[in-house]
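Spelled out, the chains give:
There are 4 protein chains.
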Amino acid sequence: MSSSPVQGKALLNVGVVGAGRMGSFHAHHVASRISGARLYALSDAKPEVREAMAREHNLDPSRVFEKWEDLIALEGLDAVVVTVPTRLHGVVVRAASDRGLAVFCEKPLCLTVAETREVLEVVEKNGTPLQIGFMRRFDSGYARAKELILQGKIGEPTIFKSISRDPFCPPPAFADPSQSGGLIVDLSIHDIDMARWLIGGEVTQVSAEGALRVCQAIKDLGDIDNAVVNMRFDNGALGNIETCRHAFYGYDIRSEVLGSKGGLHIGVLRHTPVLLMTQEGGVQHDVTPYFKERFGEAYRREVQDFVDCVREGRAPAITGRDGLLAIEIGAAATYSARVGGRPVTIESIRAGLPAADDAVVQGAGRPIASV
Amino acid sequence: MSSSPVQGKALLNVGVVGAGRMGSFHAHHVASRISGARLYALSDAKPEVREAMAREHNLDPSRVFEKWEDLIALEGLDAVVVTVPTRLHGVVVRAASDRGLAVFCEKPLCLTVAETREVLEVVEKNGTPLQIGFMRRFDSGYARAKELILQGKIGEPTIFKSISRDPFCPPPAFADPSQSGGLIVDLSIHDIDMARWLIGGEVTQVSAEGALRVCQAIKDLGDIDNAVVNMRFDNGALGNIETCRHAFYGYDIRSEVLGSKGGLHIGVLRHTPVLLMTQEGGVQHDVTPYFKERFGEAYRREVQDFVDCVREGRAPAITGRDGLLAIEIGAAATYSARVGGRPVTIESIRAGLPAADDAVVQGAGRPIASV
Amino acid sequence: MSSSPVQGKALLNVGVVGAGRMGSFHAHHVASRISGARLYALSDAKPEVREAMAREHNLDPSRVFEKWEDLIALEGLDAVVVTVPTRLHGVVVRAASDRGLAVFCEKPLCLTVAETREVLEVVEKNGTPLQIGFMRRFDSGYARAKELILQGKIGEPTIFKSISRDPFCPPPAFADPSQSGGLIVDLSIHDIDMARWLIGGEVTQVSAEGALRVCQAIKDLGDIDNAVVNMRFDNGALGNIETCRHAFYGYDIRSEVLGSKGGLHIGVLRHTPVLLMTQEGGVQHDVTPYFKERFGEAYRREVQDFVDCVREGRAPAITGRDGLLAIEIGAAATYSARVGGRPVTIESIRAGLPAADDAVVQGAGRPIASV
Amino acid sequence: MSSSPVQGKALLNVGVVGAGRMGSFHAHHVASRISGARLYALSDAKPEVREAMAREHNLDPSRVFEKWEDLIALEGLDAVVVTVPTRLHGVVVRAASDRGLAVFCEKPLCLTVAETREVLEVVEKNGTPLQIGFMRRFDSGYARAKELILQGKIGEPTIFKSISRDPFCPPPAFADPSQSGGLIVDLSIHDIDMARWLIGGEVTQVSAEGALRVCQAIKDLGDIDNAVVNMRFDNGALGNIETCRHAFYGYDIRSEVLGSKGGLHIGVLRHTPVLLMTQEGGVQHDVTPYFKERFGEAYRREVQDFVDCVREGRAPAITGRDGLLAIEIGAAATYSARVGGRPVTIESIRAGLPAADDAVVQGAGRPIASV
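Top line first, the protein sequences correspond to chains A, B, C and D.
In this text, residue positions in the first sequence follow the working numbering: the first is 2, and each later residue adds one.
In this text, residue positions in the second sequence follow the working numbering: the first is 2, and each later residue adds one.
In this text, residue positions in the third sequence follow the working numbering: the first is 2, and each later residue adds one.
In this text, residue positions in the fourth sequence follow the working numbering: the first is 2, and each later residue adds one.
Note that these hints are calculated values from the structure, not bench results.
Do not take every clue at face value.
You can't tell identical chains apart in this list, so a pair holds if it fits in one copy or across any two.
[Stated by the list, open to error] Pairs of lysine-lysine residues, derived as BS3-like cross-links and limited to a Cα-Cα distance of at most 30 Å, are as follows:
| no. | residue 1 | residue 2 |
| --- | --- | --- |
| 1 | Lys220 | Lys154 |
| 2 | Lys220 | Lys262 |
| 3 | Lys47 | Lys293 |
| 4 | Lys262 | Lys293 |
| 5 | Lys262 | Lys154 |
| 6 | Lys220 | Lys10 |
| 7 | Lys293 | Lys126 |
| 8 | Lys126 | Lys10 |
| 9 | Lys126 | Lys68 |
| 10 | Lys68 | Lys147 |
| 11 | Lys220 | Lys293 |
| 12 | Lys220 | Lys126 |
| 13 | Lys147 | Lys293 |
| 14 | Lys68 | Lys262 |
| 15 | Lys68 | Lys154 |
Extracted from the complex, chain A is given alone in its bound form:
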């Protein structure tokens, strides 16, 4: 990457675009938990959100905007954290890139393969530092696993396994597949990124089975609440990802990698190191309630690393290409689940699916998010 004006700045001026669930979390980190950056500005459509954020972070009202376009245009801004709804990622990232800002974008970059490609072309042309929010690479567990693999402790990776379970049936507004990309893209995209990262190879083919079992509220939206996805990698490795929305017992994220000489698990169901033992409950421990509790520190570290990269002129570790490959795989798996588990190659996703298949998808009366 060529050196940029912000490179070497003692304090990066960061704007947060969209201060909802994720945006306010990132804003909190930028404001008081990150070195080398400060929360300079933010935008959000909701007045009560703007007011609360301004108060919490002592933000100058002149730098709190209703429209993201105004934030992007702000003088002195160096970088943005993009946390608007996913369907707006593309337009915001393009505008920020054209404006010369460094961009951190929440996952997924876009909901369709086509739009993702268009955005990446703009970003590449502009030479924009872009990082995708695959925060698991900054989690102490996943990072340690990667390190052990690179040290050769398990030999050549041969099988990747992963589970991502959310602890509640989402309301339709939240889980509408035309907004979320559907179950697999919404919940498993982190597993997909981990699969590529930990196996050290590229997925060539997937096949998936999906089902709607519990969350009736999203049935009419045409989404599923359970899926299992088989994967084949270009280096001969295999994989399986399972995802589910209704793990009411807690947020359950676990992965494992088996290799030619050993294996490893990354797993944590325990929220604290406390075990409670009672006559009624046997031995019990709390389960991590949700993603902020499980990955809070990883969310902080990924933004710290983004800030460090921008200030030091290094390329971010998680690139737009990582974002593209993940959405291609997610699209292929979503499509496979729609057509009864038929294997779908990533190549065929890149080539565009044949009309017959497309008809199946459209015939179901619902958009398949990413094809």
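Since chain A is already given, all that's left is putting chains B, C and D on it; use the hints.
For chains B, C and D alone, kept in the frame of chain A given last:
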């Protein structure tokens, strides 16, 4: 089942047909760890095995045979434990059934769906008490899981997951797929039985990806050493089974069931309750070396239950139909892995696969064990 | 040990003296789970117990006795398992020894140091094979710990820790300290044996604090339901044992040994390898209900080893001296708890406690079991 | 507490007194991880430390001092974090108190009971907000345990257990008991605070056994490297603390509380949620290397809470009295270990120990830190 002459006998005379790895283990249990039965006779082709077993169990030489046919014909025999090589299961079980003996047969009943059906016809016609050696149903962990599911603790089962990993690359003599049924049938048949039992439904479709990564010795035999198998059940549940031959760290058997209200794991990697902590090794514990250490007590209990069933005139809990369904699913998964992961319905296995598919299989220059 | 008439016998004739909770458990093992021995006879004061045991084990009525004296006198008997109430251990063991029988005696050998010494004199004079029921030495966990220590994995042992918690407040009939020896002798004697065995040294001094917190029913008997015991060993190691009667959540037995190079835990609270996860309960697993579930196999193995020793003319691994040292330490700790935590040397127990101390004990209006 | 000038300030000016191991850690938190405060100034005797800290935190050189007296006198300073060597705690805290600053002081407040009392008199007279660095109260594990106890989940607490093991033999400069207070005060003071906090009662008597087994370097200093401490509480509960310097496998901190209805563990040896499985190592996981990795977040939270308390005019949760009681108990246990395990009441520590005992202590040729 109609009452039989052996029903109510104080001590069942049991013969062990084939005293190899499994046969000698069952013989040990029958001889000194089972009540209501005694080790009455055995047969084995190898003179040194016969001699060793006779000495260990104080067996009358007149009841130790070279040929299984002679054992079957023995006066006073009530039941047999069939532990000859799998390709001989069919002929031995049929003969024992015709002779009026109760039969406990190691898994799988036969290597092909067709032969399994033929055997079951004979068994049914003769009214033979027949139990298949799916010993996990008698393991304290799996049995407790079943109990918790029946109590409604996890609601309606929605996802079944299972891992079966063997700790060594087998020599070709042992893992020849024409003898073993291939990786999936050989190692995952217990997972398949657990899938049906714990989900409480029938598998309707599977798709599998397989690979040969480490065990080069079996490459020329056309077998694989890794597989992942997706499953769909008639009640809407999904599943995935993973199996691998080269988990050199130990014998690793784990399962989990997710339901509409909760989930459960059945997992034990720990061979003893001992944790060792050293500067070099962090915290370490031994892993179960192999199946006798993990399921030893379950192997004893399954034979005890068989003996109890025969003596009390109850039908065994694990029937010939369980054996048939397991081999059908195993055959479908093996076939799917051969044809690039294409979904295969159990119905199509029952109907016989189309000629085109058959050509694919035969064209690979190797018999696909169970189709 | 000189060779005895029973040495080399194919099948040892074993009599069980007292068929209560422990006696019936041992009888079951001798009858159907032990090789080289058979359940030849038994005695019990209660007619319904005698009847039930005779029926369960197909015992000839002529070998089922009301009085233990008659069992001891039985022709053809080779060995006895002594499971009468502890206060009778001494008289039965002496009689069996004089009669020339091999003796397996449940722990503790006797309730007082003095009587233990008298019994051992008789046993030694007669050359009786005597084994004390410290079954933890045969538990796979504790045995593995010993093996790792002997292999030098943790260096020189420096600290021994142990917890023994019973899951219920006992009724006075069962926990009367004049019958049980009091909390420490009753529940911690196995920890005391493990301390000596795993540290590989002898306890020289103990100090103990005790309290009555929950089990009011035994308050009037002068016993306690909680204790912590510090220990000092002749090789410089330290130790602590904790014991409690009211761990209503389950039977909780754990130990650990820290050494100069590492450490190890022996711990198992999990009754099965099943984890249950629910919205109400977090992650839960069952706790071992009681001692038969935790140590059942160790109870079988200790009797198997006793039988093997007797048949092969080897000295049993756990000697009368082990029984004596354990009761000396238990007596010292019980005494320390009575006198406010004052350190008590084992030497002083051997020398007899001074009159002043004795007054303290007697003055409390209750017998201190083992002094 | 009466309102103070700093109460309500948006940003507290905090000075760090002594920027060694602990001071630099706290300075990092104050500088970039704490809200409502800023790192305003610091002092340290070593020029290279001052230079490094100034550079790292962009500190104005005019607010970086060699002498703590100059820091204390600085205009605009609101509060200090006292992290000089323990023997200087008293003089610094008194000076800061007299100067009207709020004070956060690392544990232990002072090494002797007498000096601790003197300091507390000054602090009380001045109405100084004073918080002692017992950071475990802010650890998610210990805090959750406290919460469960307050909810009545385990009934009335009856036994407290705790282990604190350091992972290396310290050099004499670091572990000199005249500087550190000796093994028990240095390593177990957190366990002592947890004992009082979780049991919800006061310790009345302790007895301790200590030994020097591995760390020869501190032998000549008269310190020990192993200890076990029994405790008796005023509400009838019992306890035991174990501490050791040579747990080379890692930093091992675990506690448990047993109650009348259940129990709980607080334990974490696992540094990450990663399990590694290899043929050589069985199942392994990393152990927490040291205190910053185990309690880093708790160290941050305790200072955050101190800042919040000062700004909001609330009294800090951990008072000078907590510091005094901990040092009294630590002194009693240290003394008991010196005199062969004799029980020592906290009352006797308060009253001053008799001359005879004092002679024992002095006669050993070394100061007993806290008596």
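Hints and how they fare:
1. Lys220 to Lys154: between (44 Å within a copy, 25 Å between copies)
2. Lys220 to Lys262: For lysine 220 and lysine 262, the Cα distance is within 30 Å only across copies (18 Å; inside one copy 44 Å).
3. Lys47 to Lys293: within (23 Å within a copy, 41 Å between copies)
4. Lys262 to Lys293: between (34 Å within a copy, 23 Å between copies)
5. Lys262 to Lys154: both (7 Å within a copy, 24 Å between copies)
6. Lys220 to Lys10: Neither, since 50 Å and 53 Å both go past 30 Å.
7. Lys293 to Lys126: For lysine 293 and lysine 126, the Cα distance exceeds 30 Å both inside one copy (35 Å) and across copies (44 Å).
8. Lys126 to Lys10: Answer is within; shortest intra-copy Cα gap is 24 Å, inter-copy 48 Å.
9. Lys126 to Lys68: Close inside one copy (26 Å), not across copies (56 Å); limit 30 Å.
10. Lys68 to Lys147: neither (40 Å within a copy, 46 Å between copies)
11. Lys220 to Lys293: within (27 Å within a copy, 46 Å between copies)
12. Lys220 to Lys126: neither (41 Å within a copy, 48 Å between copies)
13. Lys147 to Lys293: Answer is both: 22 Å inside a copy and 23 Å across each meet the 30 Å cutoff.
14. Lys68 to Lys262: For lysine 68 and lysine 262, neither the intra-copy (54 Å) nor the inter-copy (42 Å) Cα distance is at most 30 Å.
15. Lys68 to Lys154: neither (50 Å within a copy, 49 Å between copies)
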